[in-house]
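J.: Given chain B's structure and the hints, the job is docking chains G, X and Z onto it.
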Amino acid sequence: MSRTHVTCTVNGDPVDFLASDDTSLLNALRGELGLTGAKEGCGTGDCGACSVLIDGRLNCSCLVFAPEAEGSDIVTVEGIADDDHLHPLQQAFLEGAALQCGICTPGVLIAAKALLDANPDPTETEIRYALAGNLCRCTGYDKIIRSVQEAAVRLKGAAR
Amino acid sequence: MRYAAPTTVDEARSLLAEHPGSRVFAGATDLIPQIRAGRPAPPVLVDLKRIDQLMTVVHEDGQWRIGAATPTSNLTRNRDFTAMFPGLSEAMGLIGSDQIQNRSSLGGNLANASPAADSVPAMIANAVQAVIASGDGTRTVPVAEIATGPGQTSLADGEFIVEFTVADPPSNTGDAYLRMIPRTEMDIAIVGAAVRLTVDGDIVTDATVVLGAVAPTAVTVPEAGAALVGAAIDAGSIDGSAMDTLADAASAACDPIDDKRGTVAYRRQVAGVMARRAAAIAVGRAQNGV
Amino acid sequence: MTVAADPPAYKWVGTRPIRHDGYEKVIGKARFAADLDLPGQLHAAYLRSPHGHARIVSIDTTTAAGMPGVKAVVTGADFPDLDPTDPNFDVSVNVMARGTVLYNGHALAAVAATTRAEAATAAAAIQVEYELLPVVLTLDESMADGAPLVNEHNVTKFVESDGPSNLATVNVLERGDVDAAFATADLVVEREFDTAHVHQGYIEPHACVVDVGPNGKADVWASSQGHFMVRSLTAATLGWEPSRIKVTPAEIGGGFGGKTTIYLEPVAARLSEMSGRPVKLVMTREEVLRATGPAPASKSRVKIAASDDGDLTAIECWFGYSVGCTNDFAGLVGAMSVASYKFPNLKLEAVGVLTNTPKTAAYRAPSAPQAAFAIESVIDELAQALDMDPIGLRLRNAVAEGDPTAMGMPHPRIGFIECLEALRDSDHYRSPVPDGAARGVGTGFWFNIGEQSSATVNLNEDGTATVITGSPDIGGSRASMALMAAEELGIDVYRITPMVADTESVGFTDVTEGSRATFSTGMAVVNACRDLIEELRARAATILGVEQDAVTWVDGAAVADGQDPLPLSAIAARAKSTGGPLTVTASLNAAGAGPSFAVHCCDLTVDEETGQVAILRYTAVQDAGTAIHPSYVEGQLQGGTVQGIGWALNEEYVFDDDGSLENASFLDYRIPVASDLPMIDTIIVEVPNPAHPYGVRGVGETGIVPPLATIANAVARATSTRMTSLPMSPPKILAALDTP
Amino acid sequence: MPRVHLMSDHRRFTDGEAVVESEGATVGAVIADLEQRYPGLGEALTHGASAGVNGEIHAEPQYLEVDADTDIYFVAPLTGG
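Protein chains in written order, with numbering that gives the first Met the number 0: chain B, 0 to 159; chain G, 0 to 289; chain X, 0 to 739; chain Z, 0 to 80.
Just chain B, with the same shape it has in the complex:
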């Protein structure tokens, strides 16, 4: 098995690692970089628990070969809070009880961030479709959707 030396940026930090050519970016993040926030729920792109942003775009990191990450800018759930404050989505999820077991939460937060970055004022339907690739089995999605709505309101308030 060939291994490739990959240099990229993860959560703002320049990193490099050696990855088997057939391994996923998810495995590299978890195994090589110790960033276990992104989870493997299916390995086939159907559950979204491994969601990360690559160059600002939402991806399932289980569907990306690790060497593809060369030169890219990756954001995982570990990187969305700043030094002093949780991201408004994280805060809204805590206050809104939008997580139960928490296994889907990292992926949902990333997908919701991708949505709000592109569309600061989504409708409920837009939120539901934007999160359709993120399965949650605990919550029935209700409190997740409400918390994304709440975070959107707070982000707009902060931007004003």
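Calculated from the structure, these hints are not laboratory results.
Think about it this way: if two alpha-carbon atoms lie no more than 20 Å apart in a straight line, the pair counts; the simulated EDC-like pairs of lysine to aspartate or glutamate are: (1) K731(X) <-> D655(X); (2) K48(G) <-> D20(B); (3) K259(G) <-> E285(X).
T.: Below, chains G, X and Z without anything else, positioned relative to chain B:
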């Protein structure tokens, strides 16, 4: 297995020539699940996304050129493209989640040769052409001639799709794509139907109907298109008997299978429903310019 | 929204603080089992049966053992053979096949290697010779005369039995004379129903890391609903004393009953013992669907009699469940008991039947949803036939305190009528049904259970308290423990740290199941806090120079006449000088679990050209007893409801003729996605359980019971076609609509 | 005397009687008494039944105290999810 990311078409050609059995990929959204499910890994994985031509969308001289590896979300977010091909755009917007659409490509969706690929009926309805790197040059063929059966294509070893070309639609033309899935997202189509039609006032003058997921490949249904040509449009609605003929023709054209996703009877019945509903949307777009 | 007759004035109970474990979970730092890596760790992979039923003629592991990176290989021969009468026999055989594979996906060997890919490659290289045996996949095939045996070791439970059989269990409940009642009834409705196998669908695949040290002791990190259960079942499967094993509970990524048993840990332990290295074993999604869970498929016949004025006079039911390839599925009585109306005449029979399909597991109120689907569908049809309001018919016949359960025992204080009234009076039910839509109502309940729990409360020198329990937190129970402790001790909930400790750091605690964590473990926490307060009063008496009897505990402080209140923190700071550390432990075997009733209502449309159902509005009403943390009570109701919606509409196992699961992925095993659903409105009814200090009933189970019939009843009213087969997938609805 | 309510499955030991009276100050003593009078019943109740007493279900009830007015309902074991 080795990963390679060529930056030119010629470099990719060489890699494939040197390593028989290797695979090109763009989004890998089908490839990775297939490898996980036990499909033998190719000797070299050739990533096409570092080749500029395959990632570029150009609109000039009444024609679009779409890099075969371009993420479908680049196209669904492209307002000019979506205004011209709303049906093709909505078909691409149905390929999996947002996560998937940031990776999936028209080239991959076509070359994977799933009978249920959402973009393919819509590409065929719009007479999209595939430009294929072949030997030292290229050849151009209609999209309909690529897939030959489930997982099977007419692409020879070493060939790969470079880009797609499609002419701007004539005026007063609209397209639409609808599919039936059990959920609202994240499913493979049980039935897909693409319709493109052109109107002259209150008369349909041209129509193409293409079905997906009801046969080993996407199927164009000439009888269904013919049923619409000459049909009258009254207050935005196509004549009911023409629509009934369209639906019957669509159902009759199905050659489906029973599988975990749907039955033969269901696919046949719903193919007519989807075709009729897609035609109803398409006619509105043709008359109203979207 | 909460409905309570006379809510007590609590300071903390009933509030909605941010959960204590939430921060780690939103920043990606929470440790689930697959997140742990140990130095030198190996990765393991299984070989699973490609056949639905076969004798293992031979297994040759020599090639695999010599492959790159391989450090250890195990087969059934590496585990002791338990006696078939041993209560852990079925678990042991399911963990690793001995002699016979009982279903497609049954584990029969595993490999540990330096990488997961090497382990998988080597596992695939193990040579197995099979002698194929007949495969029995359905309840009807299994019960047919002369049916091949599914499992030669099965003996029927609860009835006289002579020799192996495909019957797993037979339970019968009866009272009165149903035949006479049916003979004289004004109206009788009888229907047959069936439901498919469904999976719990937790997003976290089963995972563990096991490190067996040179002293023979095993450290296990595992995702489960009960780490003491993991310890005892792992020990039994290995033939070890439980004390050789320490299990540390990882965060659990969903369970819903599916993680009340083990699959991985003995295999990883044996591989670790053989290799001398830590071993990580994580299932793929395909393995989760092929070889864990699911809930049983079912068939049923339900016949109910009513008088013209709406009195339900008799019920006769037969429920059959395909419990899978082994016979350790309990709880069928729960199924029968969902007939929660005052039937003077009743005859209920539930039968468990073996099939060559995965061993089934509990799934929220095990066996009740299938039965409630059937019973509540017939009740709805009676309401239609009698032209009665579906809530009105149910209110007229609903059981209340003192009415007999199906088992005969009188119901304790329950809130069924209160739930029915809450829905009847809700905005949803009082609103007109939207144009083109239809409305359905359904009900359900679950007994809930008590069992054993332990809790330790350590008061820290800064006046904070650490509350330690043995109940894995699968949906917010740590927050509940902290709230009850805050209420008892009178300190801020954020000055309490609730945690779940390993098997060597807290007293024995049964599995988190049956809605028991907040009830039983919560009661242990309350008892520990009350003992701690006794001790605090004694210490305060020493400090204040008064008798203990003169000290009362008010709002987190010791109060004695004529003196300033002495706050908890001041006593904690003087622990050393007043007798040493302040720490107490309480444990109990709880009885008195309170049944939780639920009533659901759904508005939906059916596309009659495609058979597709769209849910427009949904309200779940449930009696929580007392909602300790209402947000997480709502979450349990919403989560259970949506699982029930999935069960009703699209979830099903699709087997081929050899028992191979054709849809072993989240692509084709279709759990609901966000865009399928509306908001799930909740109404929490609070009829306190008198057996719990705060009135808790437990809420996790019941929410999944009503949705199946609720949706079927709405579909019946939308289409004038009664769907009796789940899932009501678009092809099935369309086929039913086309059947005259 | 405590009254014992039997599941249908256990009535084969009692000639179909659904409710029998029994002696004993604990559920265990009651079961022992029943075994004397209905051979096999005690064994069946010990290994395959929980007992409902005073509205509460007990999985291991043998030392539970009962008195002359107690109704004991033997039911199949319950689990949860």
